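**Q** Sequence:
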Amino acid sequence: MANYVANLLTITGISMILAISLNLLIGYAGIFSMAHAAFYGVGAYVAALLALHYTAELAIAIPLAMTACAATSVCVSLPALRVRGEYFVAASLGLQVIAFTLFEQWQSVTGGLNGLIGIPVAVLFGYRLSSPLAFMTVTLVLVMLVAIAVIILLRTSFGRDLRAIRDDETAATAAGKNVAVIKSIAVAASSALCAVAGVLYAFNVAFVNPDGFTLNVSVLIMAMVIIGGAGTIAGPIVGAALIQFLPAALSWLPLPPQNIGYLQQSLYGLAMVLLMIYQPAGIVGKARAKT
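For the record, in the sequence shown the residue sitting at position 114 is 114 according to full-length UniProt numbering, with numbers rising by one throughout.
Hints in this document: simulated from the structure, not taken from any laboratory.
Keep in mind it's a predicted model, so treat the numbers as computed, not measured.
Any given hint might turn out to be false.
To be verified - With a Cα cut of at most 20 Å, we get these calculated SDA-like pairs of lysine to any residue:
{"id": "1", "residue 1": "Lys-177", "residue 2": "Arg-160"}
{"id": "2", "residue 1": "Lys-177", "residue 2": "Ala-164"}
{"id": "3", "residue 1": "Lys-177", "residue 2": "Leu-154"}
{"id": "4", "residue 1": "Lys-177", "residue 2": "Leu-78"}
{"id": "5", "residue 1": "Lys-177", "residue 2": "Phe-158"}
{"id": "6", "residue 1": "Lys-177", "residue 2": "Arg-163"}
{"id": "7", "residue 1": "Lys-177", "residue 2": "Ile-148"}
{"id": "8", "residue 1": "Lys-177", "residue 2": "Arg-166"}
{"id": "9", "residue 1": "Lys-177", "residue 2": "Met-144"}
{"id": "10", "residue 1": "Lys-177", "residue 2": "Phe-207"}
{"id": "11", "residue 1": "Lys-177", "residue 2": "Asp-167"}
{"id": "12", "residue 1": "Lys-177", "residue 2": "Val-74"}
{"id": "13", "residue 1": "Lys-177", "residue 2": "Ser-157"}
{"id": "14", "residue 1": "Lys-177", "residue 2": "Thr-156"}
What the hints assert, rightly or not - Just the calculated beta-carbon pair ranges, DEER-fashion:
{"id": "15", "residue 1": "Asp-168", "residue 2": "Asn-3", "range": "22 to 32 Å"}
{"id": "16", "residue 1": "Glu-86", "residue 2": "Ile-148", "range": "27 to 37 Å"}
{"id": "17", "residue 1": "Val-74", "residue 2": "Val-97", "range": "18 to 28 Å"}
Don't be surprised by glycine CBs; every beta carbon is placed ideally from N, CA and C.
Please put together the full structure from these sequences, using the hints given.
**A** So this is what it looks like as structure tokens:
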């Protein structure tokens with residue numbers, strides 16, 4: 001039971017990092033990206049390849065994965081950042097499809113549909129994180145560090161520029177802000193933080209294949225942000241916890257596993273509809289509005 005709880009908290013922590021990183025784009029820059037699972041996958045594959053061929057040291061894997069994701073995101077998103085609103089959503093959707101195709105077809109690197117198997121146990125400064133409790137502890141510490149990093153970033157002039165672009169991009173441009181550069185930095189920062197989740201995911205499941213980074217995963221991450229409350233620090237954390245704890249709660253129901261899956265998806269959809277009607281700012285966003 002202890003290992004089950006530790007693994008559930010690990011998965012929840014990984015989801016929190018994904019939601020926090022996407023919230024930097026959606027909540028503070030006004031950029032709706034459907035390609036977050038792609039960068040999640042880049043981080044996971046970088047970690048897996050490093051662990052299989054070089055080292056399983058997190059202190060090496062995380063910085064390298066963050067660098068790879070940031071560089072990749074800037075290269076592929078620069079053309080897309082020239083457009084706004086629904087056009088960027090469509091462009092990011094295209095990026096997600098391209099990334100998934102590469103994960104699936106680049107067999108010499110990614111292993112194709114079979115993926116990369118046998119990822120060794122993660123190591124942190126020479127200490128093997130062989131127990132679920134140890135890995136959970138590291139994951140939750142990284143959740144806190146990612147949240148703190150975002151808070152610090154938002155308190156800088158760059159954070160104020162992000163909010164200015166979100167509120168009125170035309171006015172920000174008229175005020176002399178280099179919108180393209182600011183957006184590129186935001187995408188790079190978001191992708192780099194997303195890579196942390198990818199690294200943790202790879203070591204947690206010891207297996208990486210394209211099925212973990214589909215469009216459905218991007219939609220699920222976006223749901224975490226919207227349900228919790230975009231544009232808040234606590235919102236993505238709350239949204240990720242709700243979405244991850246729901247399947248665990250449903251698993252106790254006396255229903256066949258396939259029915260639980262359908263029920264879970266239905267509840268996600270119902271929650272999104274009800275929130276859009278009654279609490280469009282999300283759970284935490286609504287709570288803040290009342291205070």
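**Q** Take the hints in turn and mark each one as holding or not.
**A** Status of the hints after comparison with the structure:
1. Between Lys-177 and Arg-160 the alpha-carbon distance is near 11 Å, which keeps this suggested pair within the 20 Å criterion.
2. Under the criterion of a C-alpha separation no larger than 20 Å, the hint pairing Lys-177 with Ala-164 is consistent with the structure, at around 9 Å.
3. At roughly 16 Å between alpha-carbon atoms, Lys-177 and Leu-154 fall within 20 Å of each other, so this suggested pair holds.
4. For the proposed pair Lys-177 and Leu-78, the alpha carbon gap of about 17 Å is at most 20 Å, so the pair holds.
5. The straight-line distance between the Cα atoms of Lys-177 and Phe-158 is roughly 10 Å, inside the 20 Å bound, and the hint therefore holds.
6. Of the pairs offered as hints, the one joining Lys-177 and Arg-163 holds, with about 12 Å between alpha carbons and a cut-off of 20 Å not exceeded.
7. Between the alpha carbons of Lys-177 and Ile-148 the distance comes to roughly 26 Å, so the proposed pair goes past 20 Å and is violated.
8. Between Lys-177 and Arg-166 the alpha-carbon distance is near 12 Å, which keeps this suggested pair within the 20 Å criterion.
9. In summary, the hint linking Lys-177 to Met-144 is not supported, as the alpha carbons are separated by about 31 Å, beyond the 20 Å threshold.
10. Taken as a hint, the Lys-177 and Phe-207 pair is broken in the structure, with Cα atoms around 43 Å apart against an allowance of 20 Å.
11. A C-alpha spacing of about 13 Å is found between Lys-177 and Asp-167, which places the hinted pair at or below 20 Å, so the restraint holds.
12. With a CA separation close to 19 Å, the supplied pair Lys-177 and Val-74 stays within the 20 Å bound.
13. The hinted pair formed by Lys-177 and Ser-157 meets the criterion: a straight-line CA distance of about 11 Å does not exceed 20 Å.
14. Taking the CA atoms of Lys-177 and Thr-156, the gap is about 15 Å. The hint holds against a cut of 20 Å.
15. Separation of Asp-168 from Asn-3 is about 50 Å and departs from the stated range, judged on CB atoms against 22 to 32 Å.
16. A hinted range of 27 to 37 Å for the beta carbons of Glu-86 and Ile-148 is consistent with their spacing of about 33 Å.
17. Between Val-74 and Val-97 the CB atoms are about 19 Å apart, so this pair conforms to the stated range of 18 to 28 Å.
Hints 7, 9, 10 and 15 from the list above are not met by this structure, while the remaining hints are.
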